[in-house]
Amino acid sequence: MRALVVDDSRAMRSLLRQILLQLGIEVAEAAEGRAAIDLVEAGPVPELVLVDWHMPVMDGLELVTELRAHKEWRHMAIMMVTTESEHENMVRALLAGANEYLIKPFTADAVVEKLSLLGLHCATVPAGDSYGGATQP
Amino acid sequence: MTDLVSNETIAEITQTFWGAYLPDAGDLIPAVDLPAIEDVRGRVDIDGAWTGCVEVSCSMAVARKIASVMFAAEPSEIAEADVRDAVGELVNVVGGNIKSILPAPTSLSVPILDDGGEWRFAADLESEVLLAWAGEPIVVRVWRPEGTI
Amino acid sequence: MTTATAEDFQYLQGFLLDRSAIVLSEDKQYLVETRLLPVVQRHGVESITDLVRAIRRGDKTVETAVVDAMTTNETSWFRDAAPFDALRNLVLPELVASNVTRRRLAIWSAACSTGQELYSVAMLLDSEFSDLASWRVDLHGTDLSTTVVQRARTGSFTALEINRGLPATLLVRYFRREGAQFVIADSIRSRVRFELFNLARPWPPMQDYDVILLRNVLIYFDVETKRDVLERVRGRLRPGGFLLLGTAETTRGLVDGFRPIPVGATTVFRREES
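So the sequence lines, in the order shown, correspond to chains P, A and Z.
Okay, so the first sequence: first residue is 2 according to this note's numbering, each after it adds one.
Okay, so the second sequence: first residue is 44 according to this note's numbering, each after it adds one.
Okay, so the third sequence: first residue is 480 according to this note's numbering, each after it adds one.
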C-alpha cells in the first residue's frame, strides 16, 4: 500500500512516516496541497492521503475538494490529520470528501484503528509501539 | 480569558501533546518557580470571533527532545532547522487545540518561529502557564491585541 | 526510588487478587512500576513502598488509586471492530426477530471501563436499528473502578479518546464540543446506565440479559475465577442470548451450555436453550 502525507511540518511528516512504515505502508510526502496534487498526478496514485488542514499555498480543505473533483481518484481514502476540531469544520471536511478524521495529537494506535475503519488492512501491527500504545497486563 | 480557556485546560492540552508523542520521555508537570528559559519560541495567530495569539517557548533541551522523537534521531544529531520545525508543530498543536475551544469561527495561522529578530509584539498577556519536563521549562502564553477587553 | 521491591510486589499481588481477582504474574513487575509511579507522584509520596505502607494502614484513597491504576486500560470505540460486526450482522438481527413480541432488549457491558463499548452499542442501535426506537432497551455498563464508572456516566471524552476508533461520521453526528472535551448527545447518554460492580465478588439480584459483553476481562483471572464468573454470566443470560468475549478468550474447557458461533473474524457464544 502507498500513502501520501501532506503536512507543512517536516516533524509531523516524519512522525507519520515512522508509524506508516512500521505498518508496511510506503510513504510519499508533500508540504502543502498544490505539491500533493502534482505528486498524485505524476503517479503512482496513493491508496491513502493524510491531510493537514492549515498549510501555506493550498490548505487541506482545498486539497480534499480538488482531489475529489477527479473521478479517476475516487477510490483513494482521505483522512484529515489536524488540530482543527470544531464541529462545523469537521463536517465541512467530510462533506468535501474526507473519509476519516484524526485530531492532533494522536497515538500510533489511533492511526492503526482509523486505517482499519477505512478498510485498509495493514501488513503488521507496530511492534513495541513507541507512541503510547495501551499497556495491557 | 480565564472564563474561556482555563490555565488547567492549557496545561492539559500541552500535556496531551507530550503524552501522545513522547509517552516514554517522562511526564510534563505543572511548575511554579522554574526560570523560564526561552531558547526556542514560536506562535500561531488566531483571527476571527476571537483574535489573539498563542505563544509557546521552551529550553533547547526540551526542543531537542521533541525533535529527536519526531525525527527518530539522537538529540545530539538534530539540526537546528529540525528543532525549530518540531517546536513549530508543538505550537501548532497547542494553539490549534486552544483555538477549538475559543468562540468560532476563527482562522489559525501556520506557526511563526522566532528567528532571532524582533519578537515582542504589541499585545496584552492573558494567560501564562509554566510546565516542566525533567526540570526544563515549557511556557505557554495567550496574548490579545493591546486594549482588547 | 522508582522501583518496586520484591516485598512490595508480593504484597500488591495479594492485594490485587483479593480486591479485583487480578492475577499479577511474576513478569509483571514493570507494569506495577509504570502504572504506580504516576500514583506516587500524585499522592506526593516518595516511592511505591510508601503506597504499599498506606494500603497496609488502610488508606482507602490510596487503595482506590492503586486498583484504578492497575486495572484501567485504554479503551477504544468499536474496539477490535469484529465483535461489532458480529452484533450488526448476526446478534442484533437474530434478537430483533426473536424478541419481536416482547419488544424488549437488554445488553450488559460487564467491564465497561470509561463507557466507550456501551456507547458504541448505543450508537449502533440508534443509527442502524431504528425498529428498536419503540422497544424497551436496557443498556447497562458496570466496572469495578469507581473512577471509570464516574467518567463513563459523564459521557465526556478527550480528543485523544475520541481518536480511538470512533468513525468520523458518528463523531459529528453524536458528539458536541464542550471546552476541550467531546460530549456524547443526551439522546444517547439518557439510554445507558453505569454502575459499580465487582465480577469476582457475590452478585446482587439482577435482571437477565440478551447480550453480555465480557471482553478482555477473563484474561486477568485464574481458571477458578474464570469458571465461576462464566457460570454466573450464563445464569444471567436469557436462553438464546449471546456472550461476547475478547479475542483471546473462550468458554471452551471452562463452562458448558454455550454454543460457539463463528461470525466473520470472531466467535460469539450463544447460550443454549435449557
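Since the hints were derived computationally from the structure, they do not count as laboratory data.
Positions of the beta carbon are idealized from the N, C-alpha and C atoms, including for glycine.
Treat the hints with care, since some could be wrong.
Distance condition first, Cα-Cα at most 25 angstroms in a straight line; then the derived SDA-like pairs of lysine to any residue [stated by the list, open to error]:
#1 Z:Lys507 x A:Gly69
#2 Z:Lys507 x Z:Thr543
#3 Z:Lys507 x A:Leu145
#4 Z:Lys539 x Z:Gln629
#5 Z:Lys507 x A:Gly62
#6 Z:Lys507 x A:Asp70
#7 P:Lys72 x Z:Thr648
#8 P:Lys72 x P:Pro45
#9 Z:Lys507 x Z:Arg706
#10 Z:Lys507 x A:Ala68
From the derived model, a few chain A residues whose C-beta atoms are all more than 10 angstroms from chain Z [claimed, not checked]:
#11 Glu120
#12 Ala122
#13 Glu179
Verification of the hints:
1. With a C-alpha separation of about 20 angstroms, the suggested pair Lys507 (chain Z) and Gly69 (chain A) falls inside the 25 angstroms cut-off, and the hint holds.
2. Restraint check: the Cα-Cα separation between Lys507 (chain Z) and Thr543 (chain Z) comes to about 20 angstroms, which is no more than 25 angstroms; the hinted pair holds.
3. Proximity of Lys507 (chain Z) to Leu145 (chain A) is assessed by CA-CA distance (about 44 angstroms); at most 25 angstroms being required, the pair is judged violated.
4. The hinted pair formed by Lys539 (chain Z) and Gln629 (chain Z) meets the criterion: a straight-line CA distance of about 17 angstroms does not exceed 25 angstroms.
5. The hinted pair formed by Lys507 (chain Z) and Gly62 (chain A) meets the criterion: a straight-line CA distance of about 22 angstroms does not exceed 25 angstroms.
6. Note on Lys507 (chain Z) and Asp70 (chain A): the hinted pairing holds, with a Cα-Cα distance of about 22 angstroms set against a maximum of 25 angstroms.
7. As the CA atoms of Lys72 (chain P) and Thr648 (chain Z) are separated by approximately 22 angstroms, the hinted pair is consistent with the 25 angstroms bound.
8. At roughly 16 angstroms between alpha-carbon atoms, Lys72 (chain P) and Pro45 (chain P) fall within 25 angstroms of each other, so this suggested pair holds.
9. Our distance criterion of 25 angstroms between C-alpha atoms is met by Lys507 (chain Z) and Arg706 (chain Z), whose separation comes to about 23 angstroms.
10. For the suggested pair Lys507 (chain Z) and Ala68 (chain A), the alpha carbons sit about 21 angstroms apart, so the restraint of at most 25 angstroms is met.
11. Remark: the non-interface label on Glu120 (chain A) is consistent with the geometry, its nearest Cβ contact in chain Z lying 28 angstroms away (cut-off 10 angstroms).
12. Every CB of chain Z is more than 10 angstroms from the CB of Ala122 (chain A) (nearest about 30 angstroms), matching its label as outside the interface.
13. Every Cβ of chain Z is farther than 10 angstroms from the Cβ of Glu179 (chain A); the closest lies at roughly 17 angstroms, confirming the non-interface assignment.
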